[in-house]
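Protein chains: 2
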Amino acid sequence: MSDKKEFVKELTSMDEDFASWYTDIILKAELVDYAPVKGFMVIRPYGYEIWENIQSILDKKFKETGHKNAYFPLLIPESLLNKEKEHVEGFAPEVAWVTQGGSNELGEKLCIRPTSETIISTMYSKWVKSYRDLPVLINQWANVVRWEKTTRPFLRTTEFLWQEGHTLHETAKEAEEETIKMLNVYADVYENYLAIPVVKGQKSEKEKFAGAVATYTIEALMHDGKALQSATSHFFGDGFAKAFNIKYQGRDGREAYPYQTSWGMTTRSIGGIIMTHGDERGLKLPPKVAPIQVVIVPFAQHKEGVLEKVEEIRTILAKDFRVEADVRDWQTPGFKCNHWELRGVPVRIEIGPKDIEQGTCILFRRDTFEKTTVKLENITEEIGKLLEDIQTNMLQMARENRTKKTGVAKNMDEYLKLFEKGDGFVKIMWCGERSCEDKLKELTSATIRCIPFEEEHLSDTCCVCGKAAKHMVYTGKQY
Amino acid sequence: MSDKKEFVKELTSMDEDFASWYTDIILKAELVDYAPVKGFMVIRPYGYEIWENIQSILDKKFKETGHKNAYFPLLIPESLLNKEKEHVEGFAPEVAWVTQGGSNELGEKLCIRPTSETIISTMYSKWVKSYRDLPVLINQWANVVRWEKTTRPFLRTTEFLWQEGHTLHETAKEAEEETIKMLNVYADVYENYLAIPVVKGQKSEKEKFAGAVATYTIEALMHDGKALQSATSHFFGDGFAKAFNIKYQGRDGREAYPYQTSWGMTTRSIGGIIMTHGDERGLKLPPKVAPIQVVIVPFAQHKEGVLEKVEEIRTILAKDFRVEADVRDWQTPGFKCNHWELRGVPVRIEIGPKDIEQGTCILFRRDTFEKTTVKLENITEEIGKLLEDIQTNMLQMARENRTKKTGVAKNMDEYLKLFEKGDGFVKIMWCGERSCEDKLKELTSATIRCIPFEEEHLSDTCCVCGKAAKHMVYTGKQY
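These protein sequence lines map, in sequence, to chains A and B. According to the numbering used here, numbering within the first sequence proceeds without interruption in unit steps and concludes at 485. According to the numbering used here, numbering within the second sequence proceeds without interruption in unit steps and concludes at 485.
Calculated directly from the structure, the hints in this document are not laboratory data. A hint or two may mislead.
Identical copies carry no separate label here, and so any pair may be met within one copy or between two of them.
The calculated lysine-lysine pairs, modelled on DSS-like cross-linking and capped at a C-alpha distance of 25 Å, are [as the list claims (entries may be wrong)]:
1) Lys325 / Lys66
2) Lys135 / Lys253
3) Lys67 / Lys294
4) Lys34 / Lys132
5) Lys377 / Lys214
Make the full structure from the sequences, and use the hints.
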């Protein structure tokens with residue numbers, strides 16, 4: 007919280023070393039700190055407030071689409087985790103095990119949930135008896151733990167916060183529709199709130215969730231050209247229902263298994279915001295999720311009437327916006343401007359004695375660095391328009407970066423050349439074979455991000471093997 | 007979710023067996039279910055929605071009093087837990103230990119947080135450098151785990167949900183004021199939202215939080231005369247600051263240790279609501295936290311125009327209230343009335359063809375079972391007044407029950423006789439000695455609940471030993 011040494015000049019240049027730039031930002035903007043246990047993060051108030059804003063947007067959309075929240079236990083017995091074969095193979099290697107409660111060894115070890123399909127399916131098998139109990143539309147806000155080898159705050163941490171929706175439906179069609187509906191909710195939140203453009207698509211067999219029939223994903227491209235899997239939505243068919251014995255009496259009086267989905271979005275989204283929008287001056291936050299949308303920096307605040315005017319403006323703006331006035335008397339206006347630019351506040355109001363005399367103030371917008379002078383009497387209206395404009399412009403800028411960093415390759419020569427020039431999305435045709443998917447990764451470390459819902463026809467043949475192509479896919483190096 | 011078998015007649019009588027009545031309510035009203043691991047609970051949507059309402063009320067009050075939310079790690083290394091001697095002695099016997107991550111044994115075992123003083127103090131020691139960084143006013147919404155031997159859903163579970171505030175201050179006085187301020191927030195929420203009257207006071211040395219200088223508490227009396235510790239607020243002095251090396255440069259340029267507080271309220275509060283207000287028909291929810299404030303039950307819903315009218319009323323009421331219409335065509339109105347009474351919905355609207363003809367409907371209030379006929383044109387106003395009245399009346403009824411079950415004893419004869427008649431609060435004078443406190447418990451299993459902020463002078467001598475009394479205390483048997 008002491009910020010005497012924090013100047014923007016201390017940021018690593020993002021073009022020189024994107025990873026160090028990222029670390030600088032998250033620590034200096036006080037979004038997170040490292041915890042005593044490796045791989046864990048502390049989400050500090052400024053970072054957590056972004057998460058609270060994302061939560062409240064998502065939660066509202068979940069409720070509007072008929073979902074209710076519930077809470078399931080943190081600890082899952084080993085025997086439950088083992089019930090669905092593919093699922094346990096996917097998750098067992100990365101769970102934390104509780105073996106001792108108080109001073110006693112436990113009879114059966116318990117894992118900290120890495121995800122909650124197993125425990126939730128166990129409860130659903132008790133609750134669902136009749137078709138009248140369907141659909142079940144439940145979401146959970148929770149922490150989960152996955153024992154990751156390589157971690158980075160927000161992007162991949164041993165513990166992270168997320169929501170996980172778990173639904174049951176009478177028909178496969180209805181469950182599939184739910185899967186896509188929730189993917190569309192995520193895409194909407196990413197594009198229209200986080201200002202991050204995404205590609206919607208399906209994961210390959212290799213990359214899908216352990217135990218799913220199909221995994222759908224939204225994929226975003228970061229400033230450095232790396233891809234971020236931003237949220238996923240899974241269709242399970244009736245596999246989990248069968249493994250966990252979820253049965254109900256159907257409309258025809260017969261016993262049936264329901265069709266199941268799950269879908270999740272995590273604190274990783276904050277990493278996505280940082281890496282999509284950040285620049286050499288630091289963080290750049292989309293207005294809709296910024297903890298502070300407007301900061302007022304007074305100039306010559308010791309002069310008569312300045313602080314009074316600042317408080318007057320703050321009070322007016324607080325009715326419509328998240329606003330703060332930085333009236334610290336031990337910091338210069340220059341320091342304060344850097345301080346809030348680093349923290350990504352979308353709009354800064356600068357105001358001093360002369361401005362007050364003229365009934366004006368200066369608005370600085372963080373996205374383009376433009377300054378304009380506006381009349382104080384129009385301040386609410388001007389700020390409202392400006393925030394909207396910033397929100398739109400940030401999405402536009404992110405789209406442009408993505409377009410610039412998206413290429414097309416028709417064969418491996420072209421493919422390798424593109425990655426020599428720099429990272430990005432590369433669109434290719436693919437035969438659908440696992441061997442070609444593996445080869446891509448071997449040669450470039452890039453993977454198939456998704457088969458997009460909107461495929462283009464780039465050529466007739468697989469970029470890797472030259473045989474007949476089945477799909478167009480997005481490839482890229484992942485975070 | 008299937009509810010074909012749920013009739014109120016299946017509830018155990020609360021006077022015959024309060025514990026079974028409680029279990030019946032929580033399961034049949036679908037507030038919770040038992041999890042596969044003993045001592046854990048699943049909070050079902052109807053129960054979780056009560057928690058969401060409590061959360062949103064508390065969170066708003068925390069923010070209004072200047073606090074911000076953050077998130078700290080779930081797992082705490084053993085060495086950190088060990089740093090504060092009294093704290094580890096209090097908590098080590100009841101923590102769950104993670105000893106394995108993925109397939110590897112961990113070098114140091116990690117406990118699942120039973121509370122977060124140790125991890126948060128560790129982070130504060132990194133963050134606080136100057137008096138300008140004070141006060142630190144942070145709250146966390148989280149799950150915690152305590153390996154309890156005897157558990158009961160909401161009241162005492164191995165995992166529970168809570169918030170924990172952790173603050174640092176320059177002076178002891180400021181920290182003490184914070185401790186009391188937050189206790190008052192809890193008391194306000196209990197009385198004015200949950201409709202549960204509480205006694206505010208201080209815990210005895212024996213009963214205080216492990217590592218605290220002083221623990222303050224709000225104590226409530228349940229319908230059966232047992233006491234519920236409903237929320238606590240702790241003043242730590244600079245003990246944790248010294249143990250965790252939290253130091254800052256003071257206004258005088260010298261190094262100093264800050265004064266610390268923590269305060270928490272949990273999902274136990276839902277247990278308090280059930281046991282304060284519930285009756286033979288089931289749950290009775292205070293309107294301010296009820297997931298559904300108004301339920302509309304149509305009569306003869308197959309008749310023309312009934313369902314249309316119900317939907318019209320629902321739409322109007324949804325603007326101001328949490329309202330649902332029970333239009334299930336496979337259940338009778340009688341079933342539905344029982345169903346929603348069991349679930350404690352404060353107001354039921356009954357409406358059928360005749361009511362519609364007359365432009366009226368019947369309002370049933372859950373707290374007094376009274377029915378009144380009102381004009382549909384005044385429905386919003388009538389419901390608004392009724393909900394307010396129910397909220398007030400429920401607090402009043404709870405106060406009356408508490409008064410009825412609060413006695414005074416001047417010596418152990420009187421004391422034992424009171425508990426023979428039944429459980430309740432018993433006010434006594436106390437010499438302040440641990441031996442008398444222990445003796446009380448030994449003889450009756452009742453404990454000192456608190457030294458109230460407002461002590462009365464009942465006599466000059468200790469109820470147990472007859473020596474000079476120091477304090478008046480509330481005693482009772484605890485949940």
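Quiz item: If you check each hint against the structure, which ones fail?
Solution: Hint 5 is the one this structure does not satisfy, whereas the remaining hints hold.
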